[in-house]
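Student: Spelled out, the chains give:
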Amino acid sequence: MEIINFIGSKIEMIYIVILSVFVGVELIGKVPSVLHTPLMSGANAIHGVVIVGAIIVMLNTDPDNYTSLVLGSVAVILGTLNVVGGFVVTDRMLEMFKRKKR
Amino acid sequence: MNTEYILAIIYLVASVTFVVGLKMLSHPDSARKGNLVAAFGMFLAIAGTIMFPRGEKEISGLIYALIAGSIVIGTVVGWMTAQKVKMTKMPELVSLFNGMGGACAAAISIIEYSHYAGKENMELSVATIMAGLIIGTVSFSGSIIAFLKLNGTMNKPVRLPSYNIINTIMMIAVFVLGAFIALGGEKNAFLMYATFALALIYGIMFVVPIGGADMPVVISLLNSFTGLAAAFGGFLYGNQVMLTGGILVGSAGTLLTLVMCKAMNRPLQNVIFGAFGGGSAAGPKGDSDKGSIKDISVSDSAVLMNYAKKVIIVPGYGLAVAQAQHVIHELENLLNERGVEVKYAIHPVAGRMPGHMNVLLAESNVDYSKLVEMEEINPEFATTDVVVVIGANDVVNPAAKTDPSSPIYGMPILDVENAQHIIVNKRSMNAGYAGIDNDLFYNTKTSMLFGDAKKVLTELVTELKSMN
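Top to bottom, those sequences are chains A and B.
16 is the number of the first residue of the first sequence in the numbering used here; add one for each residue after it.
625 is the number of the first residue of the second sequence in the numbering used here; add one for each residue after it.
Incorrect hints may have been included.
[As the list claims (entries may be wrong)] Covered stretches of chain B, as calculated for chain A (at least 3 residues, CB under 8 Å):
id, region
1, 694 to 708
2, 785 to 791
3, 811 to 825
4, 850 to 858
5, 867 to 877
[Unchecked claim] Subject to a maximum C-alpha distance of 25 Å in a straight line, what follows is the list of computed DSS-like cross-link-like pairs (lysine-lysine):
id, chain 1, residue 1, chain 2, residue 2
6, B, K811, A, K25
7, B, K743, A, K25
8, B, K681, A, K45
9, A, K45, B, K934
10, B, K681, A, K25
11, A, K45, B, K811
12, B, K967, B, K934
In case anyone wonders, no lab produced these hints; they're calculated from the structure.
Idealized CB from N, CA, C, for every residue including glycine.
The following block holds chain A by itself, in its conformation from the complex (with noise of 0.2 Å):
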């Protein structure tokens, strides 16, 4: 059965993936609704991780297939987009929530 063999190669992902899942819901459990747009925002920058898969794509992209190239380049634009607009927009975000006691 292909199935199985292919879930059998891919069993630690199969772990990472239920597990994460865990550790995902676990962590939002219990957050204040005044740090929802804050996390979602976080969250955001999180999944910008799929700009490293971009630079797979093009690390292993042949220097000459100009299409991938281009749309290899297009995708890591988009992916440090996600990246860095995520975590300064998050930051900005948290920056108003200094104490001004202490």
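Once you've looked at the hints, dock chain B against the given chain A.
Tutor: Okay, now just chain B, sitting in the frame of chain A:
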């Protein structure tokens, strides 16, 4: 030393920073550090990927130059946009960045399709690629529509007749086509692009009928979609950091979406399939028996507040649009000086995103402890002399409690009608974001103070200063 192991360790560290970062982000005191921790991990993951490529292949300088150039462009543009944007525009920007991530995942899938398709025993890898393509694309086009909606470019929900059926059919068609391409085994670039186009259209059709008031939920949902798309990429490459990062956001994002739905007391399926904010469902029903509205002047409002013991301010998006958060803080200080107790009542969905109002008020230095959440402040309205509602509408609409036919019926609201006096500042008598009429304005205890929030509040401050 094996560079592959170094990369693996870097990915491990990065994954841990994501978990720790998210954890810290969920507490007000540690949130900012948490964001930086996650950002540091992201930097490590990106740098490691470039410095320690897997495989034996020699990589040409051109490719490194392209990667470096792209990262520089993305960083500069992303940084500048994020720095310049106004606090009120933040939700739009988050939606836009989310769309970028989705597009990135889609682009990766398009390229990888040409590498994997048509090869022996690659069906399931192609299936992973197609899943990443579809979800990334839907997230991209959906986010762009959400961006336009929040931006006000596209503020009316557009509904084709029986759009639910059309959308469901489209969704099924996209996935069937994706599965067919994956399991068919043959390389067919045309069909792959057809799936891409269909997913693009589906993303648009998915968000277009959803009313503006539900946009936060949609963004949060699309956010978790992008996470999922990233995770599919991680699965394809056996890349742990993409997998953990993507799945964490996917599951945390889904839960966050549900938490938001709960705050609005609207089941997710109602958000996606139900009508909300449309004109038809909320037609005027007997305007004649509503009674009349009562105007109040600025000076009368100032007198009311000046001699009150306790004032509660209910800020809404109107306050944000008018950029009046600084003036409101001035008003608060002035009232405090005269011994008036001032608090802010924050509805969970005030503004355009949960917590948006807190960010805006914090920006103008309002003390964190004065922002009181709905459950805590609701019992206090009965002992409050004056409630000032500024640019809020749906979150104080009693129809949510009394009118089962109202589209917002069941949503928890702020019980402002229990206070002695209610002053409502609005630009005009237009309905709120959800597009429904508000009985509160016809309440005998309510006085309407029409005008732009910033202008009216500035006048109020001047008026108060002149009184002693």
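Student: Does each hint hold? Answer for all of them.
Tutor: Verification of the hints:
1. Restraint check on the region 694 to 708 of chain B versus chain A: 11 residues with Cβ-Cβ distances below 8 Å, three needed, restraint holds.
2. Note: the region 785 to 791 of chain B has 0 residues with beta-carbon separation from chain A under 8 Å; the three-residue rule is not met and the coverage is violated.
3. Residues of the region 811 to 825 of chain B lying with their CB closer than 8 Å to a CB of chain A number 0, which falls below the three-residue condition for coverage.
4. Under the rule that three or more residues need a Cβ within less than 8 Å of chain A, the assignment of the region 850 to 858 of chain B holds, with 7 such residues.
5. A stretch counts as covered by a chain when three or more of its residues have a beta carbon under 8 Å from one of that chain; for the region 867 to 877 of chain B and chain A the count is 11, and the coverage holds.
6. With a C-alpha separation of about 24 Å, the suggested pairing of K811 (chain B) with K25 (chain A) holds against the 25 Å cut-off.
7. Under the criterion of a C-alpha separation no larger than 25 Å, the hint pairing K743 (chain B) with K25 (chain A) is consistent with the structure, at around 19 Å.
8. Proposed proximity of K681 (chain B) and K45 (chain A) is contradicted: the alpha carbons are some 47 Å apart, above 25 Å.
9. For a cut-off of 25 Å, the pair hint linking K45 (chain A) to K934 (chain B) is broken: about 31 Å separates their Cα positions.
10. Proposed proximity of K681 (chain B) and K25 (chain A) is supported: the alpha carbons are some 24 Å apart, at most 25 Å.
11. Only pairs whose Cα atoms come within 25 Å are accepted, and K45 (chain A) paired with K811 (chain B) is rejected, the gap being roughly 47 Å.
12. For a cut-off of 25 Å, the pair hint linking K967 (chain B) to K934 (chain B) stands: about 8 Å separates their Cα positions.
The structure fails to meet hints 2, 3, 8, 9, 11 from the earlier list, while all remaining hints are met.
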